[in-house]
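Asks: Dock chain D against the given chain A, drawing on the hints supplied.
Spelled out from the first residue to the last, the chains are:
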Amino acid sequence: MQYGMIIDLNRCVGCHACAVACRAEWEIPVQFARNWLRRLGPAKTAHGLAATYYPGLCNHCAHPACVEVCPADTKMVTFKDVKTGRTKNMEVAATWKDPFNGTVQIDKKRCLGCGACADACPYGARYVNPDLADDDSDGKADKCTYCMPRVAVGLQPACVQTCLAEARIFGDLDDPESEVSKYVKKGAVGLTSKNVQIGPNSRYFGNKKDMALLMTQAPQEMPEANSRRSMLAGLLRPARQQAETIGLAGAAATFLGKALDDEEKG
Amino acid sequence: MAMNLNRRTFLKTASLAVAGIPLAKVVARAETGIAKAPLIPPGSFKDTKTVTGGVCEMCFWRCQLVGKIRGDRLVKLEGNPKSIDNGRNLCARGNSGIKLVYDPDRLKYPMKNIGKRGAPKWQKISWDEALNICAEKLQATIDKYGPKGIAIWYHGASSHYPNAYFDYLGVPNKYEPAFYQCRGQTAMAMMQTLGFVPNEDVDMPNSKAMLLVGCHIGENIHLSHVKNFVRGVENGSKVVVVDPRFSAAAAKAHIWVKIKPGTDTAFLLGLMNYMFDKDIYNKTFVKKYCLGLKRLKKHVAEWTVAKTAKECDIPGKQLVEVAELLAENSPHVSVHPGRHAAWYGNDFQRVRANACLTAILGAIDCPGGIVRIKRMSIGHVHWPEVEHDEDPEDFALAEMEEKHPFHPPGTPPEMMRDTMISGKPYPIKSMVIWGTNSIKTMPDQEKTMKALANMDFVMVSDVSPTDITMWADILLPEASYLERYDHVESGTQWDQGDTPRQFIAPRMPIIKPMFERKDPVWVINELAKKMGHGKDIPVKTQEEFVDRLLKKDNLSIAKLRKLDGIYIQPGESPYLKKGEEPEFPTDSGKIELYSEAMADEDFPPLPTYTRTEEPPRGFARMIYGRSPVQTFNRTANNAWLAREMPENPLWINDESAKKMGLKDGDRVFLENQDGKRSASSTVIKVTPGIRQDCVFLAHGYGTFNPAMTVGYHKGIDDNSLNTKINREGETGISGMRINFVRIIKDGKVINIPA
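Residue numbers (the numbering used here), protein chains in the order written: chain A, 823 to 1088; chain D, 1212 to 1965.
None of these hints come from the bench; they were simulated from the model. All residues carry an ideal CB built from backbone N, CA and C; glycine is no exception. Be aware that a few hints might be false.
With a Cα cut of at most 30 Å, we get these calculated BS3-like pairs of lysine-lysine [as the list claims (entries may be wrong)]:
id	chain 1	residue 1	chain 2	residue 2
1	A	K1016	D	K1874
2	D	K1419	D	K1449
3	A	K1008	D	K1788
4	D	K1498	D	K1788
Coverage of chain A stretches by chain D, computed from C-beta distances (three or more under 8 Å per stretch; other residues unrestricted) [claimed, not checked]:
id	stretch
5	844-851
6	867-879
7	1014-1024
Just chain A, same shape as in the assembly (with noise of 0.2 Å):
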């Protein structure tokens, strides 16, 4: 199963209640945001006069830039599909993947609010809030978790909730039968571009004009620290580790290295 958001950009009409549902339901203090919603245009694009919205939230990567590069020590965790019942244990820093409903999601008391995760999103799609440092952290990150306490007790979302024009699709893109599966086959896409190609699991569908102006919206550049923090990540991270990432330690010490003194040159 992998959870994922349709925004129907034929339908959104930039009215912002999911920005604002969302803020109101996790009690995001005013100066975060867990979604968001830019206006963009009117400006001219290919195929016309164009005017459109970014409602932008975390895309729960197919392969998540942010999961990577978090420092905390890694723990045994078990994860439980809610569905079947089945378990998986894996290692884990702060943030993960789900393993069985493929959302990114953070563990508050384990995080050292050191931020990595947050540059390491092209998206911008998470932030650190310092309000909530404590003896062990220097904050929380925060980000969209898919609602999933919500889906967890048969609510939908809070953003697909409140939306009016019915513009936010929620389901398992997993499952061929589903709202968003459909929307897929139908040509919603995420935003991507050359270098940035993580799969992003929320997709946007609309008309030519409006897509091409969503497009520009698009992170163009993975961010500059990520790489470095990816190999530092994976240094520091305890012995016990999968085989793959041992085997690449000393690889890894030369491109730190170089790495560093890139970053040294400017």
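Replies: Relative to chain A, chain D alone:
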């Protein structure tokens, strides 16, 4: 500011501190919304109880809602799942009601201005003292000048009971901005033509084509109305948007008519002429139900394609395209009646043209057209009728001066304002302002301030410290819509094409009011007792008020509580049944393309176009509209909404901007044709989506009262630049898109090229 509010800042914002309120009274408590963000927020569905019966009033569409309460704290608002109107949805403003309830800047106690009007110094007083002063001052005015010495300016559900009390007192001077700065002409001109007022009951989901003149649905958000529009678009209706700006509606349109501001009436006449010329109008409908076809045909004959295209600055073939599109889809065409009509001071005629176009398309009472939606009616609460020494009808200003024969209910506010200043034809000396911010609504702010300065007494009731509250002698804190009983909403399922159902939803409180905020029924009843009218009080409490409104349909608060706040029953389709004949309750019994009544009053009996003044060299027309996250200035202090759109960007054409050396995001002030400058600034938005002869910004920004700490001086107050007035003869309503502006950047004037 309130966004980074902590206890210290909260205490600092209270000018209450100056007046020596004991600090214990203003200490931040859990109810006042200053709480640290939880490490793991539980979600609104955890450990909360759901309270039903809410009816929103963040705008006036009145969606039905529920509140999620944790302990004694309201944590979320959601659409009432039982609602057949908005369902589980709420817009950005509906969701943000929480930040109104817990806004630290909100009015908390009755206050007396011990400073000056416009430069207040507030002293907290008791309700008893406040209402004693109000009673004494109002009575003094009545004793000296008669009840005509009082004027009440009011708006919103909370003002209806107070309004009824002032009717009882015999006060002839009253008005609602909803009519006189908004949709007065939309109501009156439709009434004059069709014999009824459609409001916005236009069946977009089931239309084959839509014509929106100026309507920027999507930036204006009336929830179920937007649902109607979106469904219509999705169902394949061909949308035509006529707007100088590429609005949210234009973004979904098939045809965008980039019309020259002020020429919409000519466009409508041109459409009609083309349809007559090519014989493609709905002849059967017109023959049966319309009066004045021949005269209308002759009257619009001058509006050839060429002439219309030139006047409107649009391609001739676009006019043809639109006319043919509408005609070929007749009668299933949504010719949107519009809502806010107070544009140029010649707007009655435009709405008449709109109504005539609708009629010649036969687009009434059918799927897609204007529909007469069948809603349940609600009871009324009146004070008893009493004899007055002076019949208030004899002192209604418009009638006295024999002006504005087609004015909407109430008195044109500018007539009252002039009278407040001049004392002619009689003195108005006491003002009651209830739930309306006259500084932001009435053009010519200086005049409003001058008029208020001339009063013996000014009494203001509001929820927030809006601009107008600075002019109160006595300022009363109102319970918000989430904290009181008042309005009863009556409606149907949101798509007229779906199974017909009707609903009734009374507004019931979600939470108790905090501090000393009171509901208007209590306030007015106490005032009435102090003025010696206790025996005539029609309802003792707000609950009794609502029960009385519900009684007509055999309902009650108790019954509605058992129904989760919404009563639903089978309804009736608005579409004409086979063989059913429509009725048009005009004087003639037909749709009056030609209006005898208007001819009798020396107004054009056929919809007529008059040119509006052009911008002077170097200036562009200032046009305003709505933001989806604001409701005029009411929401300007809402922290969540301010975050979504903290300022009102000024839309300026990209070619003009280039010539002027302006970039996206540049900070600017505005100066109008009379040299008036905006007190605060906004950012430029450079776009090809607007004509060069106008600039656009959302109305309601640029709060004037520093007590609204979130909204104060954020963005530009467009109304502060409305110094020129053009009051139309038919209704007494002033147009507000007749002022022109140029840019001030870094202290330098930058002219806007032609």
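Asks: Tell me the numbers of any earlier hints that the structure contravenes, in ascending order.
Replies: Hint check: 3, 7 fail, others pass.
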